[in-house]
Structures are given as C-alpha cells and as structure tokens.
Amino acid sequence: MSETSNTKLSKKSGLPPGSLVHIGKSRSEKIDISLLKYNSETAEFHNCADIMELNSLVDKNYMNWININGIHEIESIEQIGKEFNIHPLVLEDIVNAEQRPKFEDYDDYFFVTLKASGSISVKNIMDVQQISFIVGKNYLISFHENKNELFQKNIERILNGKSKARKNGCDFLAYLLIDTVVDNYYFALEEIEDKIEILEEKILKDTTGKTLQEIQKMKRLLVMLLKAVFPLREAVSKLERKESELIQDSSAIFFRDIYDHIIHIIESVESQRDILSGLMDVYMSNTSNRMNAVMKVLAIIATIFMPITFFAGVYGMNIENIPELKWQYGYLFFWSVCIASVVLMLIYFKRRKWL
Amino acid sequence: MSETSNTKLSKKSGLPPGSLVHIGKSRSEKIDISLLKYNSETAEFHNCADIMELNSLVDKNYMNWININGIHEIESIEQIGKEFNIHPLVLEDIVNAEQRPKFEDYDDYFFVTLKASGSISVKNIMDVQQISFIVGKNYLISFHENKNELFQKNIERILNGKSKARKNGCDFLAYLLIDTVVDNYYFALEEIEDKIEILEEKILKDTTGKTLQEIQKMKRLLVMLLKAVFPLREAVSKLERKESELIQDSSAIFFRDIYDHIIHIIESVESQRDILSGLMDVYMSNTSNRMNAVMKVLAIIATIFMPITFFAGVYGMNIENIPELKWQYGYLFFWSVCIASVVLMLIYFKRRKWL
Amino acid sequence: MSETSNTKLSKKSGLPPGSLVHIGKSRSEKIDISLLKYNSETAEFHNCADIMELNSLVDKNYMNWININGIHEIESIEQIGKEFNIHPLVLEDIVNAEQRPKFEDYDDYFFVTLKASGSISVKNIMDVQQISFIVGKNYLISFHENKNELFQKNIERILNGKSKARKNGCDFLAYLLIDTVVDNYYFALEEIEDKIEILEEKILKDTTGKTLQEIQKMKRLLVMLLKAVFPLREAVSKLERKESELIQDSSAIFFRDIYDHIIHIIESVESQRDILSGLMDVYMSNTSNRMNAVMKVLAIIATIFMPITFFAGVYGMNIENIPELKWQYGYLFFWSVCIASVVLMLIYFKRRKWL
Amino acid sequence: MSETSNTKLSKKSGLPPGSLVHIGKSRSEKIDISLLKYNSETAEFHNCADIMELNSLVDKNYMNWININGIHEIESIEQIGKEFNIHPLVLEDIVNAEQRPKFEDYDDYFFVTLKASGSISVKNIMDVQQISFIVGKNYLISFHENKNELFQKNIERILNGKSKARKNGCDFLAYLLIDTVVDNYYFALEEIEDKIEILEEKILKDTTGKTLQEIQKMKRLLVMLLKAVFPLREAVSKLERKESELIQDSSAIFFRDIYDHIIHIIESVESQRDILSGLMDVYMSNTSNRMNAVMKVLAIIATIFMPITFFAGVYGMNIENIPELKWQYGYLFFWSVCIASVVLMLIYFKRRKWL
Amino acid sequence: MSETSNTKLSKKSGLPPGSLVHIGKSRSEKIDISLLKYNSETAEFHNCADIMELNSLVDKNYMNWININGIHEIESIEQIGKEFNIHPLVLEDIVNAEQRPKFEDYDDYFFVTLKASGSISVKNIMDVQQISFIVGKNYLISFHENKNELFQKNIERILNGKSKARKNGCDFLAYLLIDTVVDNYYFALEEIEDKIEILEEKILKDTTGKTLQEIQKMKRLLVMLLKAVFPLREAVSKLERKESELIQDSSAIFFRDIYDHIIHIIESVESQRDILSGLMDVYMSNTSNRMNAVMKVLAIIATIFMPITFFAGVYGMNIENIPELKWQYGYLFFWSVCIASVVLMLIYFKRRKWL
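Chains as they are written, first to last, in my numbering: chain A, -19 to 335; chain B, -19 to 335; chain C, -19 to 335; chain D, -19 to 335; chain E, -19 to 335.
Certain hints may be false.
The list cannot tell twin chains apart, which means a pair is met if one copy fits it or any two copies do.
What the hints assert, rightly or not - Within a straight-line C-alpha distance of at most 27 Å, the following computed DSSO-like cross-link-like pairs (lysine-lysine) qualify:
hint : residue 1 : residue 2
1    : K142      : K82
2    : K117      : K185
3    : K144      : K207
4    : K333      : K197
5    : K330      : K182
6    : K222      : K82
7    : K222      : K276
8    : K306      : K103
9    : K333      : K175
10   : K103      : K182
11   : K40       : K333
12   : K103      : K185
13   : K185      : K276
14   : K333      : K190
Because the hints were derived from the structure by calculation, they are not lab data.
Work out the full structure, taking the sequences as your base and the hints as a guide.
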C-alpha cells in the first residue's frame, strides 16, 4: 500500500506550500457532509447537500459536529477552510492521506490527524484510513477518507442523549472520537495475534518456504500498526498536557486514559515482534534439523551398503585361487560377514544416537 | 494467556468511557469482601456479606483496609465507587484485568494497579494476577482478580500488632502491600532461573527440536515478568517522588527501597535474556557441529571404500590377459593394495584431525 | 562516492581554520551567478558575469536572492564573503561539499547547509548535491555544487508574482527553497521503494549471489538518504524554534511543516530498512532450502541404488554353489527383489515427506 | 553463583521491611571487628572482641574507621545500627549480599554499597564480594562479606602517616576506599582480556564445541563485571555531584576521578564484548568452512571414483561379444581411460579452486 | 595494543591518588622540552635542556606554548606541575597513556586530553598517541607520548606570523592544536575506508577464512578510532559551551566547528561499520553458496553414475538364463540404456536449474 501511495507524495514536489493536492486512492463518488448539532437539552442530525447548506445550518449556540466523508473534493475542503478560518497547511495535511499522525495547536482551534485501522484482507494487508479533526470552541470537524460507520454509535448515543458529550464541550467530543479510533486498534491487534498463534502451530509441523513469507507479512502488519500508533502517542501526550487552551482539566484526565491505551498497544506490538523473531529462529533451526535428518539417512545408507558391496565385489573377482570361492560354505560365509557388518554399523549408529 | 484475554479487550470498543466491563477470565463465584480496621491501639477483622454491610462498618476514626477478592461483580465495584467517590476511569481500570501497571494521583486518593506473579505451570505458563489499590487518607481498598492468600501474613501481623503499619497511615500500608507483591516476583524469577540452569545442562547433552521450544518458552516467561515489572518502575518512581500529597516523607524512603528491588529484578531478567540468547547460539552451533560429524562419517566411509571397491571391480573384469589374475599371489596382492589404501586414508584423516 | 570525496577531506589537515579549500569533484566550468531582486510590487532577474557586477546590482530596498552555481572558484566565494561580511568558517563549510547538514545562527544572518538528492544511476548510486543558504535581513545567497534546475519553478513563480514569497521576507524564501529540497527526497525515496519492491519479487524466484549484492546496494542508498536527512532534522528544528531572530512567527509554522516531512521520510527509510533485513532473511533461508533440496535428491538416489547395486554385486560373485544362480526364475527373482526394494524406499520417502 | 544466591533472596518475601536477613553464602566463623582512629597527629589500630568493646573505643574527637569483616551475625549489625542511629533499610541492604550497588543520602550520614571483584577461578567464575560504607561526620563503617586484605595498604598508609586521609575528613577516606575497589576492577578486566586474547588464538586453530562454551563463559564474566560496575556509575556520580552535604568540594574532584575510571572500565567491557561477538562470528564461519572442506573431499572422491568404477563394472559384464574384452590391449585401454578420467576431473577441480 | 597497555593500568591499584605512574610503552630516551613564546609583534622558539631552563625563559608578558615530548620522566612532569600549580590528579592523567579523552575545568586553567591517530601498520594496527593540554591565561602546556611532528606546521605558522594565533589568547591556540589533531583523524578514517573498499572487491572473488579475519581487523580499527573520537565529543562540547571562563566568545565558535567535524567522523565510522556488517553477510552467504555448489556437483555425479553402475552390475551377474546376455545387440543395448539414463538426468538437472 505505502509504495503506491507514496508515489503520489512526490506529486506535491515543486508546488507552493498550502497547495491542496489530494493524495490517496483516487475516488469519484460525491463526498458526504453531515452536521450533528446538540447541547445538553437537544440534538439534531442533518445531511447536507453541500458546504453552502452546511454553513446555513451551523449554529454557534450549539456544539456543531461536522462530519465530512471523502477528502478528494478539494474545493469543498477549501470552502470549509475559508469558513472556519483554517490555516492552509492544515488543509494540505487533511487532504494528504499519507500524513503522519500529529497534533497541532492553532490558538482558535487545534488539529489532530490519525489513522484508523480497518480490516485485514486475505492477503494480509491492512486497510488503514486517515481521520482528521479540527476542534474549535463550539465546533468539531471530522474528515474521513471515505464513507464508513466508525462513529455511528457515537452519533446515536449523542442523539438519544445517553452520551456524556451532551453536557461537555467539543474537546470531550474529540476525546470520544479518538477513543473510538484507538479502541479499534485492539481489533486489528487481536486479529494479528490470532494469526501469529495459528502460524506458530503451523511452523512446528511444516516449514515450507511459505511459512517464512507469512512471518514476513505478519512483521509488516505489525510495522503498519506501529506506524499508525507510535506518532499518535506524541500527539495524545500533547492533548493530555493541555497544550491547547481549548482542552479543559476534566477532559485531560480522559486523554491520559487514551495515552495509557496507546502505550499498551505499542507494548503488545513489541512483544508480538519478539514472538515473531522467536518464530524465525524456530523456522531456521527446523530447516537445519531437517537437513541434518536427510544427511543422517544418507550417511547411514552409505555406511551400511558400501562395505558389503565391497565384499560382493571381492568375491566377484576373477583372480585365480581365491580360497573362499571354492569353500563349501562360501556363500553362507559371505552372508554372515555382511550381516555382521550391518549389525556392527547399526550398533555404532545407535550409540551415536543417530537412530 | 495474553492472546485469549486480549480478545476480550476489544469488547470495550464502541462503549462510552467509564463503562465498566469486566475483562479477564469469567468467573461465577461470589466476590469476597473483608474489612480490617485498626489504629495504633486496636485492630478488628470483618468478613462482609455485601457492600451495604461494609459501608456500615467503615469508621473514619480508624485506618480502614477494604479487601475485595473478585472483580467480576460490576455492581459491587460501582457501589464502592459511589461510596468513596472514585473516578469512573479508575473503576474501568480496576475491572480490566489486562490493565498495564500504573500510578495515578486524584487529589483525594491515589490509584495504583500492578500484576502479582503466581506459580508457573507445567506447560511453563505463568499465572499473573492483577491487583489494584485505591489509597485515601484513612482507607485503602485493594482489589484482587480472585481469592488468594497473598496478603494473609500482612493481615496477621497487623492484627497481632507486630506490624509498623499500626502506627502509620494508609500510605505505609500501601507500601507494605506493594512490597509483598514485588518480593513475590523473586519467587517467579528464581523459578525461571532454575529452569534455565537445567535447560543449560540439557542443551550440552542433547539438542532435539524440543530444547529450542523450551528456550522460546523461557523467553516468553521472562517477557511476561518484564511486562509486569517494567511499567511498575515508573509507577513506584512516582510514589517515591511523592507525586501524591498523601505520601509522607517517612514512607517515601520505603518506596525508594521497592524501586531498588524493581531495578534489581529488571536487571536480572535482562541478564537471563542474555543467557538465553547465548543458549540459542550454543544450540545453533551444536546443530551444525552434529551435521559436521555426520558429514565426516559419510566422507570417511566413502573415501575408504570407494577406491577398494574400484580395485575389486577391476579384478572382476572379464578382459582377457589381465596379468594379475593369473599371478599366484594375486589374491594376496589385492588385499595388500586394499589395506595400504585404507591405511593411507586413515593417516590422511588423522592429519586433518577428522579422527 | 563518499570514499573518493572523503579522500579530499584530509587535504584540509594542517591548514589554518577558515582556509577555503574546495572539497568535491573538481570542475573547470565557470561558475554561474544570478540575482533575483523583488518586492511585493516588482521582480527582476539578472545573470551576472562576476561578483563585481552582482554587487552593483544588489539593492537593499528589495529582497535579493543571489544564486551561485558552482563552489569551486574559491576567489568568488571569498569576494562574496567579504561583501556580505560572512564568517570565514561559514565560507569554509560552503566550499566543502562533504559538509554535514546543519543550521548556524550568526546574529546578522543565519547559515543552513543541506544535501539535495538527485537521480539514482544504473549502478544504484545516488547523486547527492550540497546546497547552502546564507539568509540575512534582505538577502538570501544560495550555493550549489553545479548548475541545476532545482529552483527553476521557485524563480518563475516569484517572477510572475504568484509566489507568497513576494509579500514575505527572506526567511520565507528560505522556507520555500528548503521545502523544495525536502520534497525532492520523496522522489529518491519512492525510486528506492520501487526498486526494493522489484527486488522482493525477484528474490522469491531466483536467488543468485547477485540478489544479495543488490540488497546491499539498496541498504547503502537508504544510508545515503538517511545521512542527508537525519542531520537536517536538527537543523530544521532549530529554524522552527526560531533560534535566529530573522525568522518570523508566521514562517516558523511553515518550518514545522518541513520538520514533519523530514520525520516522515526518516520513518519511511527506517521501515524500508526493516523490509530489506526481512529480504535478507528470505534470501538466506532460500539458500538453505535449496541446499536441502539438493541433499534430498542425493539421499534419495543413493538410498534407492545402493541396495540394488549390492544385490547385483552378490549375484555377480564367483562363489560356487550359490543356489539362486542356477534357479530357473533367478533373473525374475532378482528383479522382483530390486523393484520391491525401490518401492519400499519410495514409500518411506513419501512418509517422511521428501517426495 | 547468582542463581544459588538469588534463591535466597526470596527468603525475605513476606517479612516486614527492615527485617535483617543475611543473604549470601552461609558462614560460621566469628565476624572480625576493628577500629582505626586517627587525626592529623596520631593514629591507633584496635582489634575489638565485640561491638561493646568497639563502642567504648570510638572517640568523637578522632576520625573513626570501623571495619566489620562478616555480615552474617545479624545481632552485631543490629547493635551497630542502634549505636550509630542507622535506618533499618540500610541495615537490611548491608546484610543482603545480593544488593545492587547504590548511594543513598540520609542527612546525618550517607550509605554506599558496591561489589569488589575478586580472583577468577579455574572454571572461569569470578568471586564477587559486597562491600558497604556508612559515612558520617567523624566515622566511617565498612562492611565486608568475609575477611580479606583489600584495604590493608590503606590501613598501613594511614598508620604510618603517609596518607592524605590523615588531614582530611571521612568523605576523603570513603574516596580512598572506593578508589581501591574500583582500581581492583582493572585486575579482573585485564585477566579477562588476557583470557580472551588466548581464546582468540585458539579459535583460529581449533574450533571444537568447547571453544564456544568458553566464549559464553567469557561473556558471562563480562556481564558479571558490568553488573558490578554499571550501577556504581550512578552512585559515584551522586557523590561527585555532592548530593550529601558531608562531601566537601575538595573531595568531589576526587570522586570525579573515580567516575572517569568507571566509565573507562565500562567502555573497555563493551569493547571486549564486541570482540567476543566477533569471535562468535569467526567460530561460526570456521564451522561452516570446515563443513565445506569435508564436503569437498567427499565430492572429489566420489567424482573421481564413480566413473572409473563404472568402467570396471562395464568390463565385468557377462554380455557376449563385448569387443574390448578380447582386444589384446584391452587392459591397457581400460587403465588409460581411467587415468584420463581422473586427470580430467583433477583439472576441473583445479579450475574451480577446490584443490 | 590495548591488551598489553591495560595490563599496566593495574599497576596503579593500591597506590594513593595523585601518585604519578607512567602507563604506556616504556621508553628510555630523554624527554624533549621546547618553548614558543609570542605576542602579536614577535615570536621566539627555544629548545630547553630541562625544566629549570624552561622556567627561566617563560615570560608572563607573552603567550607561552610549552611542548613536552615524552611523559615517562615522572620527575620533570612533577616539576612542571609544581611550577604551574597543577592539581595532582591532572598530572596523574597526563602520564597515563591509557587515559580516556576528557575536558576538565580548574578555574585557573583547563585540562584537555585526547588521542591522536597515527599511521596504520601492515598488520592493521593503528598507532594511537595521547596528547594532553593544560591551558592557562597566558600559557599552554602540551604533552606528547613521544617525539613527533604533528604540530610542526602550527609552530612554523606562528613563527612566521601567518597564524591568527598571534593576535589571540591561549584558548585560540588550544583550538588550533585540537583542530590539527581532529583533522588528522580524517587520514586514519580515509585509510580505513580505502582498505574496506579493497576488501569489498576481494570478498566477491575469493572468500577464504582470511577475508573474515580482515573484516574483524577493520572492525577493530573502527572501534579504536571511535574510542578516540567518541569521548572527545563530550570534551569539545564543554569547550564550545565555554565551561571554562578562559574561553572567549570568539573562540567558542571555532570549537563548534571542531564539534561538527567530530560528529562527522563518528557518523562516518558508524556507516563504515554498517558496510562491514554488510560484508559479513556477503561473506557468510558466499560460504553457503559455495557449499551449495559443491553439493550440487556431488549430487549430479552420484545421480548420473549410480543408475548406470547398477546396470553394469546387473549384466555382470552370473545368474543363468539372463536373456540379454546372449542377445546379439546386448552390448549396444546396454550402452543405449546408459546414455538414455544420463540424458534424462541432465534434462532433469537443467529443469531444476542446477546446470
């Protein structure tokens, strides 16, 4: 994935800063705009046709959660940027699906971008999706790469009044959404852990070249997960330390909780990597053990048959006057020598523990 | 272990923060509630049927040590949370048996959660149990995953008045209990060290594929221990630095002692890991040495018998006029050539130190 | 590259500090001097024959971007140094094409030197070029090792008035140019990533010694890229933290953006190195798997033919009274024994999964 | 060593803090108590029967150096603890021979514990001994695990008035003693370095499995040394930074010197470890080179004899009408073919550089 | 080298601190004392017979650069120490040729000790020489292990008035000399880089056991260089941060330049180590590839000759009534079978890409 998308990153080379260039899979469907406005008493959900309609609905007396599914319509992003007075570099980061997770504070609002882990495909590639938040005093704008149901439960809980968000500011809503994304990593992590466990059993039975490739793929999945989570640690730590004035003390304690989760995920990824490198060792050692086994069979066969073949050769010689040839029990004698030789060899192998 | 429990971690995904979800092995037995109330003059121990009874017994004029064995009855945990005014995130961490060890200060109380190492099973899996403490001015609440005798001695010593705890606050009691948990790691560590020592002797004699798997298992045990101890270092260092105002100067010095123990355990684990990676090297090199030995036997046998088999073949030819065939001492000559050839080969192998 | 150029680094040994010695590929072409002077209203571009002409054109009422292509004419560099009152150590660094990227603040101006990545040759060697900037209140002097078109777009955009640079100071121009250089790394990175991807497919099919050498070459390319980018991180971080007073707040935010890009590149290089070391493992394991396959063929052939060759030898013996020899179905019997032996062996190999 | 002693560490589990439990090799001999009291004019040495006698001799107008050889008599240690008002945790650390080196400041006195390296046994195990110091205004108490002559020279030099200690406080005496211990590490380090050098020559000649085990043992010796020296760095750095008010400026400069020595030892240990891992590589590669050599001999023998044995077989066939059999020069022809075949093979091997 | 010299380090064990013991190669030649006194107008060079003569020549109105070649005459060093009031620990460090590079500030003067890299011998051992500087207000004393021409150019440039040193204080002279030493590392580094490049080409052609030893030797050379340069980084960084008040602002900027060079050298050493470990991989993989080639030849030979030897054996049997024996075209038939068998085998090997 990263290879093909990175190719697009160089598209920006040579453009002035703040130029909006969509980087990511190209899409053609229309972007999806919705608004959830609520306060402690009421909550309304609106699907908007375009930014114009959205602007007419936003109301500074409510908390306004604007959700944009799709970042490929540069013009809409620019319109929102203008409306909410967003710095061009922030807009540039939003439409760049290869952006590294980070937190930035811009006095009037703060900006968080992160990666949501998706399902892992049959080919063991993880679908990673970028999500960005702009959080101001009474608005939160969330941007997704494409349509998805990730925040569906959060929306429902706000609408039916069960969520604490109703009584808190947009910083708490930001917490809820980031928490949803981070908790989602556990699904990916657990899926990978299951796959590694299966791989582990497989490796003890059968070690074809394919098992090695699977170990490599698992390594990459973990790296992919780490690349999503690792920079997030720094970003969330800034939220926890209240680097933006928009974050209240009561929310900070919740961001500390997310921070703990992230550390937990990172440590789990690290220990899974340890397990994988242990599996590599097992794989490598299995390969040499099998080679050893092959060698032993070869050595045993050669050691048993070479002497007796030599004996047969001796009595096949045409030299005159070989006494054994004319001896009455010659044939019996030959077989006795052969059997004795084989038995001695087998005893020797038994002693060396080759058998 | 971690794999099956982690699976449950994703259960929390999508739930609002502070939702209490028990994560860990599911249990059905009733939880066990007890209260030890004491001051410098007197000490009483009560088994309580439920939280109601407990509340009626707690007395702010004493130090109250409440001990909850079992974290799977969400309602009881919630009742305690209400009674002592505990932050929902703390309760969430208490019922999550996969929580990473940590210390958190909440002005009125502080919260410590850690892992107690248990016995190591025949399959070399360590039983790790989560213990959490909430420490306030005159109360300490301890939570265990299940019934256990870990703190039995501490209870007895307080009851019979021998413990220093009787003359100190709840911060000192917290120290005593954490110290008990940390000292307990030594049992696990020493058990692992003994197993590694046995493994070491085994590896010099016999290196089947199983030895490698045992090395891997030992590695995992050490990782498991490290995962319990490593985050604890940070937590205890916060206690030592008196990040909570509830910790008195005289207690801080004791937490420094625990800190030293933790560092000592971490360093021991690290050096055991070094030993294990040395064992891996020995194992790998034994494998190639054995392969070498097999190859040598094969090469020696082949080198000795190939020439003499050839000689036998020569004198088995039906070509007319082979002078040796009719020579009187032909058979003797043949054997002399064979023996000379074998002796020369043996001398050669002796020189190359193959024998 | 580094080997031959480093050789020259020792040329400076024994010289007094501030001695200008050109280090890098020796060139003979004349250096190329140009001036772009602009303010928010107007912009002019001049090619200058020499430093004298340049000095006569520089105008303190404009922003003056002086561009020097070629650092091998020591006298010209010295003249500029005198004119703009540049510290001799800075001039020494400018003419040393082996200089490590860095930022230095000298009150009146600041100095940044960095490496621009160029194209990767067929032999997988990257062309790295040194670029230095001296940035004062109303002038910016850029030095290139040789003529190149890297900043052509920036010049055009300033001339046609589209660039934000027109309304900003020289610190913003410095940002634009550094951004151009950093964005350029993406080209190199993506080219390397593509090559590694091709290598990856290749390694699964065919693993001659050459594949290993290609892995090594890719490693070196990544090291070369890292050597260019890694020290730059520190330099740009100083710019972002406004260590020079010449950098305005509005520009600092842009340098933070460059800093993000650099971190992103470093992380990508690191993960490519991980992939390469995974490829090494695959390569190594393929080598032993192939050895295993060869050994198996050898062992199977030997195991099949050694017994039957022995049987043929037995019936070729000249011993009298071998009953089978005179038996009517002797020949049939012999072949039956041979075929039975071979079949038994094949069954054995099937069971051991060698076939 | 560490394995058996650690076993005892768990003895402390479950005991209240400050419980004195001797951890280390059990001993029965009486502990040895001596007092050296001195000032700039006079110095006296006393052997004391017990702590009572010691107490009667200690004189606050002198510097009192109390030396306790043996830490297994818990009661004597407790008596000293009471007399000098030592914190119970300090006493606990003194009698625990598995204590990690450290420095602790207790206002009235400071506490340093470290490991003295002893001789290396034939089995390549190093005798490590724990030494602790309690340093107060006019007293220094040193504790050894057993009787030894380590500080004999220091005692003599103080008695004959040659030592600077006579004119300085107890902090300077502490410096002298720690310096003696640290200088002693050089003996161990140099012994290990010599052993590694011998091992290095050995490995080039002969690489049996034993050499590998010796490499492993050397690794452990270095780890043991590092475990003694590494935590000491932190302790001495605290002394250098005068964390105790008892350390005067003039002494601090001397502790800086010890600090330098420790860094030097750590760096030497690290580079010896590098050398050892290089030796591992040489060992491993020697193993495969020898395997290669064995394989070559096998391949050469097989390649030479297989064709000519086939020829002999051909002319041993009983097929009628084989023209060569009746040819007059048949036997000569056969030998010519054999010799030609062998010569061709040898030329081939020469070309492939196998000979 | 380090092994034999370290042996001497333990000579100091047991001696009081500040005892001067010469550690290094023992020498007998007389030490060489010279004085260069200069100010901005004049400069004089004197060779002194002994310290007495030196003292009579030193003039506080000039800058006095005292150069001592040879540190084995303890008495002379002590005399200088007394004259310039140098701390005994500094003198101890000067005569200890195994001293780790460092900077120390002693109010009236500062002390710098470092290692100058010398030529690399045929056996690939680098001659490292210790140089120490004591720098006071108007004097600089430099100590060398033995006579050498390292600073000859600096002396000449001061005498003929070309050096900036004439117009600056002793801190600038210190800069000039340290710069000379650091620039000298480039010679060693480049020599090693050249040797590694040669080694690289060699390894692709021929990989005997010797190549591995050469890799190991190169590793050691790099470690030796790193051991000289790495601690120097810290020392020079202290000079740059003006930890001594004797260093003026204008000089500090020059020390920053040295600091840059040191970082550059360290990074180059690191990347050379990377290259060496890449070479190790190539070496190891070449070894297995060669083993693979040997195995293939063996397998091919065995596979081709075993079947046909069996056929020859069959027709050599004395069983009566073998029809082929009496068949007219028996011999032709036999050879057809043999050739067919060989051709089939060759096709099989071609397919498996063994040929």
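Tested hints:
1. Taking identical chains as interchangeable, the C-alpha atoms of K142 and K82 are never at most 27 Å apart, the minima being 30 Å within one chain and 30 Å between chains.
2. In the homo-oligomer, the alpha carbons of K117 and K185 never lie at most 27 Å apart, since the shortest distance is 59 Å inside one protomer and 58 Å across protomers.
3. For the homomeric pair K144 and K207, neither the shortest alpha-carbon distance inside one copy (31 Å) nor that between copies (34 Å) is at most 27 Å.
4. Taking identical chains as interchangeable, the C-alpha atoms of K333 and K197 lie at most 27 Å apart only when they sit on different chains, with a minimum of 26 Å there against 38 Å within one chain.
5. Proximity of K330 to K182 under the C-alpha cut-off of 27 Å is restricted to the inter-copy arrangement: shortest distance 20 Å between copies versus 31 Å within a copy.
6. Taking the closest pair of Cα atoms, K222 and K82 come within 27 Å of each other both inside a single copy (15 Å) and across two copies (21 Å).
7. In this homomeric assembly, K222 and K276 never come within 27 Å of each other (Cα to Cα): the closest approach is 67 Å inside a single copy and 65 Å across copies.
8. In this assembly of identical chains, K306 and K103 lie within 27 Å of each other by CA distance neither inside one copy nor across copies; the values are 73 Å within and 64 Å between.
9. Taking identical chains as interchangeable, the C-alpha atoms of K333 and K175 lie at most 27 Å apart only when they sit on different chains, with a minimum of 25 Å there against 37 Å within one chain.
10. Taking identical chains as interchangeable, the C-alpha atoms of K103 and K182 lie at most 27 Å apart whether they share a chain (17 Å) or sit on different chains (19 Å).
11. Within a single copy, K40 and K333 get their C-alpha atoms no closer than 84 Å, and across copies no closer than 73 Å, so neither meets the 27 Å cut-off.
12. Taking CA atoms no more than 27 Å apart as the test, K103 paired with K185 passes in both settings, with 22 Å inside one copy and 19 Å between copies.
13. For the homomeric pair K185 and K276, the shortest alpha-carbon distances inside one copy (20 Å) and between copies (18 Å) are both at most 27 Å.
14. Taking the shortest Cα distances, K333 and K190 sit within 27 Å of each other only across copies (16 Å), while inside one copy they are farther apart (31 Å).
The structure fails hints 1, 2, 3, 7, 8 and 11 (numbered hints given earlier, in ascending order).
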